[in-house]
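Novice: Chain by chain, the residues run as shown.
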Amino acid sequence: MDWGIILSNTAQSLLSPATMAFALAALGLAVHFGFAGLLNFGIAGFMAVGAYGYAISILTFGLQWWTSALVGIVAAAVFAIIMGVPTLRLRGDYLAIVTIAAAEIVRLLFLTTAFEEVTGSADGLFGYHASFRASNPFPEGTYGFGPWTYNEVEFWVLVIGVVLVALAALFVWRLMNSPWGRVIKGIREDEDAVRALGKNVFSYKIQALIIGGVIAAIGGIVYALPSAVNPNVYMTSLTFFVWTALLLGGAATVFGPLLGAVIFWVLQAFLSSFLPALVASGILPMVSSAQASTLRFVLVGIGLVLLVIFRPQGILGDKRELTFVK
Amino acid sequence: MSSRESSQSPEKTTNLHVGTIEPGVKKIDPIITVDDVRRQFGGLTAVDVEHLEIPRGVITALIGPNGAGKTTLFNILTGFDKPNAGKWTFDGKNIAGVSAFKLAQMGQVRTFQLTKALGLLTVLENMKLGAKSQKGESFFFSLFPFFWRKQDAEIGEKAMVLLKKFKLEEKKDEFAASLSGGQRKLLEMARALMSDPELVMLDEPMAGVNPALTQSLLDHILDLKKEGMTVLFVEHDMHMVSHIADWVVVLAEGRVVAEGPPKEVMRNPAVIDAYLGSHQDIDLGIVTGRIPKNTPKLS
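If you read the protein sequences in the order shown, they are chains A and B. Here the first sequence is numbered in our numbering, starting from -6 and rising by one per residue. Here the second sequence is numbered in our numbering, starting from 6 and rising by one per residue.
Simulated from the structure, these hints should not be mistaken for laboratory data. Be aware that a few hints might be false.
[To be verified] Heads up, incomplete: computed chain A residues facing chain B, CB under 8 Å, no partners named:
{"no.": "1", "residue": "T53"}
{"no.": "2", "residue": "G55"}
{"no.": "3", "residue": "E133"}
{"no.": "4", "residue": "W166"}
{"no.": "5", "residue": "L168"}
{"no.": "6", "residue": "P172"}
{"no.": "7", "residue": "D183"}
{"no.": "8", "residue": "N193"}
{"no.": "9", "residue": "Q200"}
Each residue gets a CB set at the ideal place from its N, CA and C atoms; glycine is no exception.
I would like the entire structure built from these sequences, with the hints used as guidance.
Specialist: This is the structure in structure tokens:
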């Protein structure tokens, strides 16, 4: 067993684009579920809208990378409005049903061959990096140290990702510690009570849905920045991975989703190197090495179940919340 | 009620009406008027009020047996439910179809029968949420604390004054979920007062409150009147109603069957029939006039 490779893979995932994408998506979900109480099971849809909005704007319309990113963000806001207007007046569970369906509709629309010229159908979209790479301020070379060694392109992605995660966290923290956040949290607890106090609950819920959706779409864009956009990424399982990251860290916290995303990916990276290595050295019997790498998803599922039972408020959640879980 | 309490009996406001006292009588200065409001749930008519006026600046009680439509009428007046027909005004303005949050902004605030404390917000946050026109509650301004920090501090001071009055100041940093049932009732009432309302509507403020707390809740309600607010409340406890209400409206099967000052209402045979229950064997429909009196009784 080569511990060097296992540990280096694990360490790398700490700062991978996927980790930062998950951190952003989980933060957006925290705004939805943790703070506003909106049961959104379509976070993968928001990420897909962001990523496709970005890639299509570059490939089909020839926009600059940052204008394209803006297009992705606006598209996610529009998506939130389309989903929210008919459902936010209804009880919370309806939003869950609509979001999970809407995310699938979005994915299938990107997958269908009807729009192949624009969406690339099952092949997805790739080769949209020219504009992004041209704007790279870092000269050619290697940056970083140890497992965190990058070329200039990877480093540019990393910088953008870290800055976006930091800005998003600051933004959400600021919002949730303001009177606006107080109303949002009040709505989570009991929207009729908040309505009786003269707040336009529907408007606040739409705002929360848009803000969380936009943050998740930025996550989708960060996910797409270094590589390609593929419809198979944005399956319902992505939604539940983001949920796992969120619940791991703490749903009603700002830094919980970030911590959750990091732990999720570090564990994933560790298990995907460690389990096959166990099989190769004969310690894990009756499992092939292909099975071993999917075993990690089983472990993630078990982990999520244990977490929800034994620490429903997440790692960074307020202990007092546990006493009053309804 | 003990003699000690009745000796401290609050002064009642009288002369609120014009003409003979009968259901739907005109008031000298009504804050709410209701006309032909009807609410049906399928075949059941929950509320069918021809005319009703709620007097301003006094305490009005809405009483009636279970299922009389008190809470439904309450929900309609506060915009939480929409009737099938009818119109109603608040402060002279037609408010039919106006949404609940706008009504609250207009100065009409309510509490709920099942207390709605916002459990995972602290007591102080609950209070602050009650204040109206907060700059920091708009998305844009909330991002820049210098726009709202001063106002938020003022709201906090006001909240502390109210919390002290309601004896909850030591709980200010606790989650509202950790309060007892009675304390939650107090918090809900205090929170409603944060908006400086003109009309306070309390849905069964005494339900599930222990006797010791009842007295202090009564005093709080009387204080509202002293401070110039109008109070409309739903209640089952007749002692409490006769103790503090200046005017009583009796609902049965969705209709106003009687109204008037508490002492007179309690002597009204229709009320005794419908609510206090001296003729429990008579169908409620006979009392309300839905069924003609000479209909033979079943069995």
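Novice: None of the hints should be skipped; say for each whether it holds.
Specialist: Against the structure, the hints:
Checking T53/A against chain B: minimum C-beta separation of about 32 Å lies over 8 Å; hint violated. About 33 Å separates the beta-carbon of G55/A from the nearest beta-carbon of chain B, more than 8 Å, and the hint is not met. The closest approach between the C-beta of E133/A and any C-beta of chain B is roughly 39 Å, which is over the 8 Å cut-off, so the hint fails. Using the Cβ-Cβ criterion of 8 Å, the hint placing W166/A at the interface with chain B is not satisfied: the shortest such distance is roughly 11 Å.
Hint status for L168/A: holds, given a least beta-carbon distance of 6 Å to chain B, under 8 Å. At about 3 Å, the closest approach between the beta carbon of P172/A and any beta carbon in chain B falls short of 8 Å, and the interface hint on this residue holds. Nearest Cβ of chain B to the Cβ of D183/A: about 5 Å, under the 8 Å cut. The hint holds. Hint on N193/A holds. Least Cβ distance to chain B is approximately 5 Å, under the 8 Å limit.
Residue-level restraint check for Q200/A holds (minimum Cβ-Cβ distance to chain B is 6 Å; threshold 8 Å).
In the structure shown, a violation is registered for the earlier hints numbered 1, 2, 3 and 4, in ascending order.
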